[in-house]
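Peer 1: Spelled out, the chains give:
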Amino acid sequence: MAWETVIGLEIHSQLSTKSKIFSGASTAFGAEPNTQACAVDLGLPGVLPVLNKEAVIMALRFGLAVNAKINQHSIFARKNYFYPDLPKGYQISQFEIPIVGQGEIEISIEDGGTKMIGITRAHLEEDAGKSIHDMYEDFTAIDLNRAGTPLLEIVSEPDMSNAKEAVAYAKKIHALVQYIGICDGNMQEGSFRCDANVSIRKKGAKELGTRTELKNINSFKFLEKAINLEVVRQQDTLEDGEEVVQETRLYDDMKNETRSMRSKEEANDYRYFPDPDLLPVDIDDELLIQIKSALPELPTEKKSRYIGEFGLSSYDAENLTSQKAFADFFESMLYEEAEAKLSANWVMGELSAALNKNQMNIKDSPISAKELSGLVKRITDETISGKIAKDVFKAMWEGQGSADDVIESQGLKQMTDITAIESIIDKVIASNSTQVEQYRSGNKKLLGFFVGQVMKETQGKANPKQVNQLLNEKLS
Amino acid sequence: MHKFSVAELSKGLKNKDFSSVELTKHYLRRIDRSDLNAFITVTEDLALSQAREADSRLAKGNANVLTGIPYAHKDIFCTKGIKTSAGSKILDPFISPYDATLSYKLNAEGMVMLGKTNMDELAMGSSNENSYYGPVKNPWDKKRVPGGSSGGSAAAVAARLSAFATGTDTGGSIRQPASLCGITGLKPTYGRVSRYGMIAYASSLDQAGPITQSAEDAALVLNAMAGFDDKDSTSVNKDVPDYTENLNNSIKGLKIGIPKEYFSDGLDDDVAKVILQSIKEFESMGAIVEEVSLPNSAYAVPTYYIVAPCECSSNLSRLDGVRYGYRCDDPKDLNDLYLRSRSEGFGEEVKRRIMIGTYALSAGYYDAYYLKAQKARHLISEDFKKVFQRVDVIMGPVSPTTAFELDAIKDSVSMYMADIYTLSVNLAGLPGMSIPAGFSKNLPVGLQMIGNYWSEEVLLNVAHQFQRQTDWHVHLPENT
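These protein sequence lines are chains A and B, in that order.
If you want this note's numbering, it's the position in the first sequence, counting the first as 1, plus 1.
If you want this note's numbering, it's the position in the second sequence, counting the first as 1, plus 3.
Hints were generated in silico from the structure; no laboratory data involved.
Quantities reported herein were computed from a predicted structural model and do not represent experimental measurements.
From the three backbone atoms N, C-alpha and C, an ideal C-beta is built for every residue, glycine too.
Please note: incorrect hints may appear among the correct ones.
[Said to hold, decoys possible] Here are the simulated PhoX-like pairs of lysine-lysine, each with C-alpha atoms no more than 20 Å apart in a straight line:
#1 B:Lys444 / B:Lys145
#2 B:Lys444 / B:Lys146
#3 A:Lys54 / B:Lys234
#4 A:Lys303 / A:Lys293
#5 B:Lys234 / A:Lys19
#6 B:Lys413 / B:Lys146
[Unchecked claim] Which residues of chain A face chain B? A partial, calculated answer using Cβ under 8 Å:
#7 Gly44
#8 Leu45
#9 Gly47
#10 Val51
#11 Leu52
#12 Lys54
#13 Glu55
#14 Tyr91
#15 Asp270
#16 Pro277
#17 Leu279
#18 Leu280
Put together the whole structure using the sequences plus the hints.
Peer 2: Take a look at the structure:
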């Protein structure tokens, strides 16, 4: 039977405010347990929340970046449930009126085209603390440092039809929140977390199938794997004549499986109601204009600019802009007056490959943007060929100095002395008379052979363009 | 000394007629000899050290009006290093690591805290019989209740165990015990006094205020209590006037509205007589009295008993035995820990309200209860707004009866009806006051005055003028 998949994502993006959303305690990661939880975070009797304006501004930045409807009057609600790492017995969140309403974002899909993914809403809420179950044998330990950390929960429409699209969307949001400086995007530390709602239905059906919610996904790779696993599981279930149960499922990356966590029947009735300790959040037009004008260039805008201004391909422009750090690196190279297209190729090509191979972040690259520009400039001014440049890059990566240092010390400078090249060409022609005859009688393909011989003689230092030109002249 | 008002004590301290240490010792001795059960905790050592400090401030001449004045603090306010139980077993082991804003402010004035007063558990009750620490006795008749929930504070002031006391009022918890104990109580406009550090019962209704011997004292104390607090988002950033400044304004031409709904069937005849008599007194002082209508008054009790339980069911979730407070012995697992800590830690009435609130907020019931109650609340506020376009102050009874006997009211609904005249004020967020207006069978009767938003000055002025004409507020229980 033909099935189609429907996916929606809920992304929890930790906002990079200095202090918590409702208290003055620090949000820094990795402190000693319970040292960054003040009276408010501990939920002591009598304490009250006070909204951190910075978190509101960050939510608005996001809303404006995805062209969303901003609710200029939004309210905080209490989501009631008992858990030891939830100190107040309720989480302050937004329910009926979130600060960010309907918006959208464009993703690139596999066939090279694009697709609009709807954003249902994005709301502000506080994070809970952490329960640590494996520290003591008979007890669970609670660390409340994270309690009260601001989160922006971004809920998508069920607009994605396969795992790859879901990953593309998640990556797009991941890039965006970093672009606009509201989240550090660190998935290991849990600053960016995805839950996926997955359902399948018969191809062409209008009604949505019963969905399951996949939790505990902390990388894009796992997101793809978890969704694919779940789709197969749901297909098997339905094809066996059984029904998919609405439930929350946990993804286990060690066992590469999803398993049931709790069913809908076991789900809490959260008894949402407006938090009487907090006033509604009212946003005036002036603030919105101010925030909008302070937004940086967004990935989509950047992409079109790269295509229009530098003639980059859509593919290259997409890749370069998908991570802010790469785009920043690229733009730093332009600032050094390196040629754009060549720079783009080097960032996405050699540099990206070397970083991947060494599992390094671009911020920790041993070759700086300025240094890579130095290399690119030597290609542009024909000091070295692209091929030699790869060797220079390797040497630079190993810390042997700047492009110019490497070219100088290893004598890699391209031959520009025409008479020297000419004499080598003459020598090559003289010692390959058979091929010369074949060429002259019409086998033009042999030009490559002659170029190769010349390059071999010059140890690659001859300018290939020049060699081509001279060979053409001398062989005709 | 204990017969002096705060205003008189302040003069006495300034004139060195007595020291704060002498005054404090005097009150501590009175508390020690009292059998009213008005205090949960007496902070003798702290009081004496604060008194010594106050005396040194007085000697140096950098004292405020309230420096050195002993007071009793309702046990609902967090006090750093001191047990803060809110009358509940679940907080019996709780020593607050921080000061409520109000505690901090009173300390900063150089006042002397004698102790923490008894109250209905977590401020839920109208008789002070719901306290884990036992009921408080009414100083006018020890077989009777002092009212609640600020019963300990009211009894302490009525018996002059303290110069004044703090209270909180969610549905009448300052005004009703003030009425039943024959003293003056003021519930300010919602947002006037910080709620930070005040253990929350129903956040949108709770408001702290002074319980005093007179309107003049209430003005002096409110000066120290009121003001914006950046730790409380619902406190309002509005200038605090000097509440003593206009106490002596003439009330000639004052327009008083008498809501006909407040003189309904349930009102005790004697209480009605006292109230009408006191209204005549105002007329004789030049006030103009007219009948008004608050047509939605009948909905106050049901509305309150949805809104308050909904909020408290959530507010009290933090009392879970996990981080502080009472925890059951040997919990089997997490669920058992929650279940038994809370079942054993909370009293009957608190559990009842948690159940009501949890039910009313549940999926499928929210619209029918919570939302409907919010609509009714809005209508009740609108009633007041309309009436305040015509009158300056609304007057009526505080409580339908005088103090009733301990154990006399057994069912909770009858107990809820004791607050019928006070609940609307909290639902609307208005300021309200209770002042002694007379007696019925040797038991005090309080007159309720309700003002428009932020009109505490008017209420205090009107009350003070009444107290200049009458002496109900200086009557004392026998042997006081």
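Peer 1: Determine for every hint whether it applies to the structure shown.
Peer 2: Results of checking the hints against the structure:
1. This hinted pair checks out: Lys444 of chain B and Lys145 of chain B have alpha carbons roughly 14 Å apart, not beyond 20 Å.
2. At most 20 Å may separate the alpha-carbon atoms for a hinted pair to count; Lys444 of chain B and Lys146 of chain B meet this at roughly 14 Å.
3. The hinted pair formed by Lys54 of chain A and Lys234 of chain B meets the criterion: a straight-line CA distance of about 14 Å does not exceed 20 Å.
4. The suggested pairing of Lys303 of chain A with Lys293 of chain A holds, with an alpha-carbon distance near 16 Å, which does not exceed 20 Å.
5. Distance restraint check for Lys234 of chain B and Lys19 of chain A: the Cα-Cα separation of roughly 18 Å lies within the 20 Å cut-off, and the hinted pair is therefore satisfied.
6. For the hint pairing Lys413 of chain B with Lys146 of chain B, the CA-to-CA distance comes to about 16 Å; that is within 20 Å, so the pair holds.
7. Taking 8 Å as the C-beta contact cut-off toward chain B, the hint placing Gly44 of chain A at the interface holds, the least distance being around 4 Å.
8. This hint holds: Leu45 of chain A has a C-beta 7 Å from the nearest C-beta of chain B, less than the 8 Å allowed.
9. Among the interface hints, the one on Gly47 of chain A holds; its C-beta lies about 4 Å from the nearest C-beta in chain B, closer than the 8 Å criterion.
10. The beta carbon of Val51 of chain A is positioned within 8 Å of a beta carbon in chain B (closest approach about 5 Å), and the interface hint is therefore held.
11. This hint holds: Leu52 of chain A has a C-beta 7 Å from the nearest C-beta of chain B, less than the 8 Å allowed.
12. This hint is violated: Lys54 of chain A has a C-beta 12 Å from the nearest C-beta of chain B, more than the 8 Å allowed.
13. A distance limit of 8 Å between C-beta atoms decides the matter here; for Glu55 of chain A the minimum to chain B is near 15 Å, and the interface restraint is violated.
14. Because the beta carbon of Tyr91 of chain A sits about 5 Å from the nearest beta carbon in chain B, less than 8 Å, this interface hint is met.
15. With a cut of 8 Å, the hint placing Asp270 of chain A at the interface with chain B holds, because the nearest CB-to-CB distance is about 5 Å.
16. For Pro277 of chain A, the shortest C-beta to C-beta distance to chain B is roughly 4 Å, which falls under 8 Å, so the interface hint holds.
17. For Leu279 of chain A, the suggested interface contact is upheld, since its CB lies about 5 Å from the closest CB of chain B, less than 8 Å.
18. For Leu280 of chain A, the suggested interface contact is upheld, since its CB lies about 5 Å from the closest CB of chain B, less than 8 Å.
Violated hints, listed in ascending order, are 12 and 13; each of the other numbered hints is respected by the structure.
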